[in-house]
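**Student:** Order-wise, the sequence lines are chains G and X. Under full-length UniProt numbering, the first residue of the first sequence carries the number 1, and numbering increases by one thereafter. Under full-length UniProt numbering, the first residue of the second sequence carries the number 1, and numbering increases by one thereafter.
Just so you know, these hints were derived from the structure itself, not from any lab. Among the hints, erroneous ones may be present.
Identical chains blur together in the list; that is why a pair holds if it fits in one copy or across any two.
[Unchecked claim] The list that follows gives simulated cross-link-like pairs (lysine to any residue, SDA-like), each with its CA atoms no further than 20 Å apart:
1) Lys146 / Tyr92
2) Lys316 / Gln342
3) Lys447 / Ser198
4) Lys465 / Thr267
Protein chains: 2
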Amino acid sequence: MPITITHFETRDLRFPTSLSGDGTDAMNTDCDYSAAYIILYTSSPDLVGQGLTFTIGRGNDIVCSAIKEVANRLIGKEVESLFENMGAAWDYLVADSQLRWIGPEKGVIHIATGAVDNALWDLFAKSRKKPLWKLIVDMSPEEFVKATTFRYITDVITPEEAIEMLKAKEASKKEREEKVRELGYPAYITSAGWLGYSDEKVVRLTKEAIAAGFNHFKMKVGANREDDLRRGKLIRSLIDDPQYLPAGKKPGDPNSPELKGKNAGPTGSVLMIDANQVWDVQPAIDYVKYLEPIKPWFIEEPTAPDDILGHAAIRKALKPYGIGVATGEHAHNRMVFKQLLQADAIDVCQIDSCRLAGVSEVLSVLLMAAKFGVPVCPHAGGIGLCEYTIHLSLIDYVVVSGSMERNALEFVYHLHEHFLHPCSLNSHARYNVPNHPDEGYSIEIRKSTIAEFEYPNGSYWVQAKANK
Amino acid sequence: MPITITHFETRDLRFPTSLSGDGTDAMNTDCDYSAAYIILYTSSPDLVGQGLTFTIGRGNDIVCSAIKEVANRLIGKEVESLFENMGAAWDYLVADSQLRWIGPEKGVIHIATGAVDNALWDLFAKSRKKPLWKLIVDMSPEEFVKATTFRYITDVITPEEAIEMLKAKEASKKEREEKVRELGYPAYITSAGWLGYSDEKVVRLTKEAIAAGFNHFKMKVGANREDDLRRGKLIRSLIDDPQYLPAGKKPGDPNSPELKGKNAGPTGSVLMIDANQVWDVQPAIDYVKYLEPIKPWFIEEPTAPDDILGHAAIRKALKPYGIGVATGEHAHNRMVFKQLLQADAIDVCQIDSCRLAGVSEVLSVLLMAAKFGVPVCPHAGGIGLCEYTIHLSLIDYVVVSGSMERNALEFVYHLHEHFLHPCSLNSHARYNVPNHPDEGYSIEIRKSTIAEFEYPNGSYWVQAKANK
Numbered sequence: 001m002p003i004t005i006t007h008f009e010t011r012d013l014r015f016p017t018s019l020s021g022d023g024t025d026a027m028n029t030d031c032d033y034s035a036a037y038i039i040l041y042t043s044s045p046d047l048v049g050q051g052l053t054f055t056i057g058r059g060n061d062i063v064c065s066a067i068k069e070v071a072n073r074l075i076g077k078e079v080e081s082l083f084e085n086m087g088a089a090w091d092y093l094v095a096d097s098q099l100r101w102i103g104p105e106k107g108v109i110h111i112a113t114g115a116v117d118n119a120l121w122d123l124f125a126k127s128r129k130k131p132l133w134k135l136i137v138d139m140s141p142e143e144f145v146k147a148t149t150f151r152y153i154t155d156v157i158t159p160e161e162a163i164e165m166l167k168a169k170e171a172s173k174k175e176r177e178e179k180v181r182e183l184g185y186p187a188y189i190t191s192a193g194w195l196g197y198s199d200e201k202v203v204r205l206t207k208e209a210i211a212a213g214f215n216h217f218k219m220k221v222g223a224n225r226e227d228d229l230r231r232g233k234l235i236r237s238l239i240d241d242p243q244y245l246p247a248g249k250k251p252g253d254p255n256s257p258e259l260k261g262k263n264a265g266p267t268g269s270v271l272m273i274d275a276n277q278v279w280d281v282q283p284a285i286d287y288v289k290y291l292e293p294i295k296p297w298f299i300e301e302p303t304a305p306d307d308i309l310g311h312a313a314i315r316k317a318l319k320p321y322g323i324g325v326a327t328g329e330h331a332h333n334r335m336v337f338k339q340l341l342q343a344d345a346i347d348v349c350q351i352d353s354c355r356l357a358g359v360s361e362v363l364s365v366l367l368m369a370a371k372f373g374v375p376v377c378p379h380a381g382g383i384g385l386c387e388y389t390i391h392l393s394l395i396d397y398v399v400v401s402g403s404m405e406r407n408a409l410e411f412v413y414h415l416h417e418h419f420l421h422p423c424s425l426n427s428h429a430r431y432n433v434p435n436h437p438d439e440g441y442s443i444e445i446r447k448s449t450i451a452e453f454e455y456p457n458g459s460y461w462v463q464a465k466a467n468k
Numbered sequence: 001m002p003i004t005i006t007h008f009e010t011r012d013l014r015f016p017t018s019l020s021g022d023g024t025d026a027m028n029t030d031c032d033y034s035a036a037y038i039i040l041y042t043s044s045p046d047l048v049g050q051g052l053t054f055t056i057g058r059g060n061d062i063v064c065s066a067i068k069e070v071a072n073r074l075i076g077k078e079v080e081s082l083f084e085n086m087g088a089a090w091d092y093l094v095a096d097s098q099l100r101w102i103g104p105e106k107g108v109i110h111i112a113t114g115a116v117d118n119a120l121w122d123l124f125a126k127s128r129k130k131p132l133w134k135l136i137v138d139m140s141p142e143e144f145v146k147a148t149t150f151r152y153i154t155d156v157i158t159p160e161e162a163i164e165m166l167k168a169k170e171a172s173k174k175e176r177e178e179k180v181r182e183l184g185y186p187a188y189i190t191s192a193g194w195l196g197y198s199d200e201k202v203v204r205l206t207k208e209a210i211a212a213g214f215n216h217f218k219m220k221v222g223a224n225r226e227d228d229l230r231r232g233k234l235i236r237s238l239i240d241d242p243q244y245l246p247a248g249k250k251p252g253d254p255n256s257p258e259l260k261g262k263n264a265g266p267t268g269s270v271l272m273i274d275a276n277q278v279w280d281v282q283p284a285i286d287y288v289k290y291l292e293p294i295k296p297w298f299i300e301e302p303t304a305p306d307d308i309l310g311h312a313a314i315r316k317a318l319k320p321y322g323i324g325v326a327t328g329e330h331a332h333n334r335m336v337f338k339q340l341l342q343a344d345a346i347d348v349c350q351i352d353s354c355r356l357a358g359v360s361e362v363l364s365v366l367l368m369a370a371k372f373g374v375p376v377c378p379h380a381g382g383i384g385l386c387e388y389t390i391h392l393s394l395i396d397y398v399v400v401s402g403s404m405e406r407n408a409l410e411f412v413y414h415l416h417e418h419f420l421h422p423c424s425l426n427s428h429a430r431y432n433v434p435n436h437p438d439e440g441y442s443i444e445i446r447k448s449t450i451a452e453f454e455y456p457n458g459s460y461w462v463q464a465k466a467n468k
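With the rest of the complex left out, here is chain G (with noise of 0.2 Å):
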């Protein structure tokens, strides 16, 4: 009997972090981080996939209704005739003739989509007794592509040239894959420099970075342009600084692959700065103008974030003061990028793990941001995104870039407990290599945690409005 899909729940789950102010930033200014979570069933009971979509607290409710909805699309199909075709698998996921209107391929719809396509992924992955990304890395440049979804993009990148790239990188995968088992994939944090932090906390979380080895800080600004001034200069003295090193650590060189072009201090460590959509367009050039005295790697998402020629006349703005831009996290699908990149609109790309409606969609970014030469340093954080991220970055450096020398992954400290295969740093922070057979895409929730972080009815938030 074939294995099929029978049935599925969600669970609507929320971490009060606007008590504590992480995540906080000039947009953004009470997240309770949140997961809109699913588990797929299928005939075998040995075979459950997981998957979920990141939001930061109410909506949550509405993205888990809007989870059934595309799930119900997959109850009785036979598991193996969807791996068979990941690419048409997706391509049916998007394709309600209904539900397409609500949409299309952006907002509630697409990171719902985004959470059923990864739970599908994930069972993919567990099925092969692999890692998600060891799952993708192994397949044929046919098979990657496959796997891919094209539909609007082929102005760009067709699948015959995709399967070229591939191709091109396959004969030396093998050495890769070694190459960043051994020495991790490189991270930058975010944790240091959220806007609801007093200074004393940011001078002791950035000294703490620096000692874990860190090299690449982020800092969020756009609240206040003077206090961004002082703040920033605050960070730059101590990551400037080679007293607070790790013993042993050697300063970075500036003129290395790794830090060329990133403003790189007299220690080689790197600064970036987020001001997650705050600005008009000539207000951002201003304002960053203004923070040039603190030399940003880039500035992450200076204005609306599907303003693609807003974002390319930022850019050509701030080339003259060495400042790149960043943006991605809420690109809401891969026409988004697609014009990013045509537009010469990003100097980093950063994708989302679940913003994209899932890994299919995620891979064609991938080829389109290799094919263009511009790094892809997906959006991390959250709850679960570190952990889905490492395989995105471990796929794009094994397969279809070649090269993690320009790139750095987001990492963030918050809520990795409530995983039960979180992901981890080495001791030069860069991150580890997921290596379990059973944890596919990484992404599966504790039970306990969901018992206690549930909404409305888990003990946290029965506890909490019981103390209100």
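Put chain X on the given structure of chain G with help from the hints.
**Tutor:** Just chain X now, with coordinates in the frame of chain G:
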């Protein structure tokens, strides 16, 4: 005591249009036209506002859930302070720090905001005993601009510039109001050309439309190019034939301001085609070139609605063939329209009254389109869209663009009977001007309709289930 917003109700209304093939096109193959409907109550029993967002079936409940989240933000607010600054009210509605994430400003949460903002405007208009369009055209330029949102578009238009534009049109606005009251507002018809209809039905409906006075006709394309060419020739053979003109109607002059550049045939009839996003960029170009013999004025939605640069490429490629490009019914916010205009991607700007998040955002797009000299021809049809959009076209004509020569507002015959103040056409197939002091935004739905078509417990749906 100041009047406040006290509570609201939402209604999931669905109409079984899939049974008749109404509304079918190459992408949307089985629409059940639906409305996510809200009734806003105030502390004054005489002051009640209505709004809706249009969907095509499944997912309408998800939109209703999102409407609840957005409308909750209005509870307890004083209506006069909202009315005093509707631009600020709009900014407030889209700015929930947690809900923003599941957009931002797109998809479910944005179209839900459209229903709520429209209900608020409906309330405003009713409180002043004017239909919505009249409320707005009677505003001073300063009041108009205060009611508009400018966030993220100031690189293209500032409030100051908008005031200047509106002032330039002020002296003549009375004259235009009188003219349109007398002549009505130009319309085009889509009802004849749905893909789901047989050739016989298309012939009958086209003849009826010609007899009713229409001279702009839209046909759905994209499923099969040979069929489209054949059907297009069939429609052209009818609309180009003087014998079908109503008694006493003279053929239009293809060189008149109304028809110039629209590929009008010998009787002054114009044909438009609509692909509802089915193609990638190059296939769109190839397909539409093939349809050149039927001489369409424009191709509507040739590709993904997010693909601004793709639309620009298609427009450039079709220009030598004299075929224009129109889009907008799925352009999800003002930033998309801003870029469509900046990139010279469209000949016709098709705003949607509830895909955009209500009147305040629509006003910003009207201003930008007028600045770029691109005519606004709103998307209508569905359910309630004709009722809504006649107001928007009147605002555009009387105080913003000052022109209705190039414009044609979509008209579809379906579902008007469900409204208390349905839109109507005059004997020249032009929209009549809404004129009832209590009709507000003309979107109030009859109680009997709610009892019949509320999903899933209205009498129609209960019966349909029983008959299954």
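**Student:** Hints first: check each against the structure and report whether it holds.
**Tutor:** To see whether the hints hold, each was checked on the structure:
1. Lys146 / Tyr92: Only inside one copy: Lys146 and Tyr92 sit 14 Å apart there, 44 Å across copies, limit 20 Å.
2. Lys316 / Gln342: both (14 Å within a copy, 16 Å between copies)
3. Lys447 / Ser198: Neither. Shortest intra-copy (34 Å) and inter-copy (56 Å) distances fail the 20 Å Cα cut-off.
4. Lys465 / Thr267: neither (48 Å within a copy, 71 Å between copies)
Violated hints for the displayed structure, listed by number in ascending order: 3, 4.
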